[in-house]
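Given chain R, put chain G in place with the hints provided.
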Amino acid sequence: MMVAVFAAVLLALVAGAAQWRRAAVTGAVICLALSVWLFLFEVYSQQYGFTMPWLSL
Amino acid sequence: MENLLESRARLLALLNHIYLLGMVTVIAGVLTAAMTLQYAYGEIPCPLCLLQRAAMFGVCFGILQNLRGTYADRNTGFSLLFALLLLVVSERQTLLDIYPRPGHEYVGTAVLGLHMPVWSVVIALCLLIAFALRLAVLGGNAHMRGNEASTFPLVYKAAGIASLYVIAICAINLVSAVLQCGLGQCHTTGYALLQ
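Chain order of the listed sequences is R and G. Position 37 of the first sequence, counting from 1, maps to 37 under the working numbering, and the rest follow consecutively. Position 140 of the second sequence, counting from 1, maps to 140 under the working numbering, and the rest follow consecutively.
Only chain R is shown next, with the shape it has when bound in the complex:
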């Protein structure tokens, strides 16, 4: 999935440099969506969910 994130942002950068506006925006949106999804996937724990009990006093 990380590969897809970098591929999407590279697509956005290359398309932006080539003035392919629609492809650039599409790449950026895909990268943003995949990044958010991957971030939630990475921080979710089966034990704690999204909470951080080690911060509780």
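These are computed hints drawn from the structure, not numbers from a lab. Each residue gets a CB set at the ideal place from its N, CA and C atoms; glycine is no exception. Careful, some of the hints might be misleading.
Derived CB-CB ranges, DEER-like [unchecked claim]:
#1 S150/G / L55/R: 45 to 51 Å
#2 Q19/R / L183/G: 30 to 36 Å
#3 G49/R / L154/G: 50 to 56 Å
#4 L135/G / L55/R: 29 to 35 Å
#5 S56/R / A132/G: 32 to 38 Å
#6 F41/R / R8/G: 49 to 55 Å
#7 S56/R / R10/G: 54 to 60 Å
For chain G alone, coordinates are given in the frame of chain R:
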């Protein structure tokens, strides 16, 4: 009088473009430093670290669109969204490892006493402040009309070089992500495809 207003608008636009060019140069420098730590010192990035790099490339995307394409608030919006993503990811990673326990500690060496995720929080905040300052001091789009970066040849050429450099380091990161993660999850134990 009209000439004076036109010169003022052109000066403001030039300052705006130089400011954006400075921002993209700093981000490219930060990314290069992270890559140096990875390839020269063998510090393999964690998944959240890689996401932070992707977010920095996203910030560059918005800025470069404003410099190389047509100036638009939408591009600044993309940069701000990616800067916020960088802040959220790095903040969460900082909080994840802030209380050392088995399996959870800051990876990599500390630079000036701060570990990478903490630096990312600082960088994200600096980016957000930089965008806020730009809007507060050089804000407004009126002076940008007709004064795109392409009307300043030197700035436009420098932006072109910056654009090529950012694309090059992004491509290196893509290849690196393929080697490290393959098509599965990323681990800091080594490059999956080289083992």
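So, going through the hints one by one against the coordinates:
1. For S150/G paired with L55/R, a C-beta distance near 50 Å keeps the hint of 45 to 51 Å intact.
2. One distance hint, 30 to 36 Å for the beta-carbon pair Q19/R and L183/G, holds here, with the actual separation near 31 Å.
3. Between G49/R and L154/G the CB atoms are about 53 Å apart, so this pair conforms to the stated range of 50 to 56 Å.
4. Taking the beta carbon of each, L135/G and L55/R are about 34 Å apart, inside 29 to 35 Å as hinted.
5. Distance hint check: the CB atoms of S56/R and A132/G are about 33 Å apart, consistent with the given range 32 to 38 Å.
6. Checking the proposed 49 to 55 Å range against F41/R and R8/G shows it holds: the Cβ atoms sit about 50 Å from each other.
7. S56/R and R10/G have their C-beta atoms about 56 Å apart, which keeps the hinted 54 to 60 Å range intact.
In the structure shown, no violation is registered for any of the earlier numbered hints.
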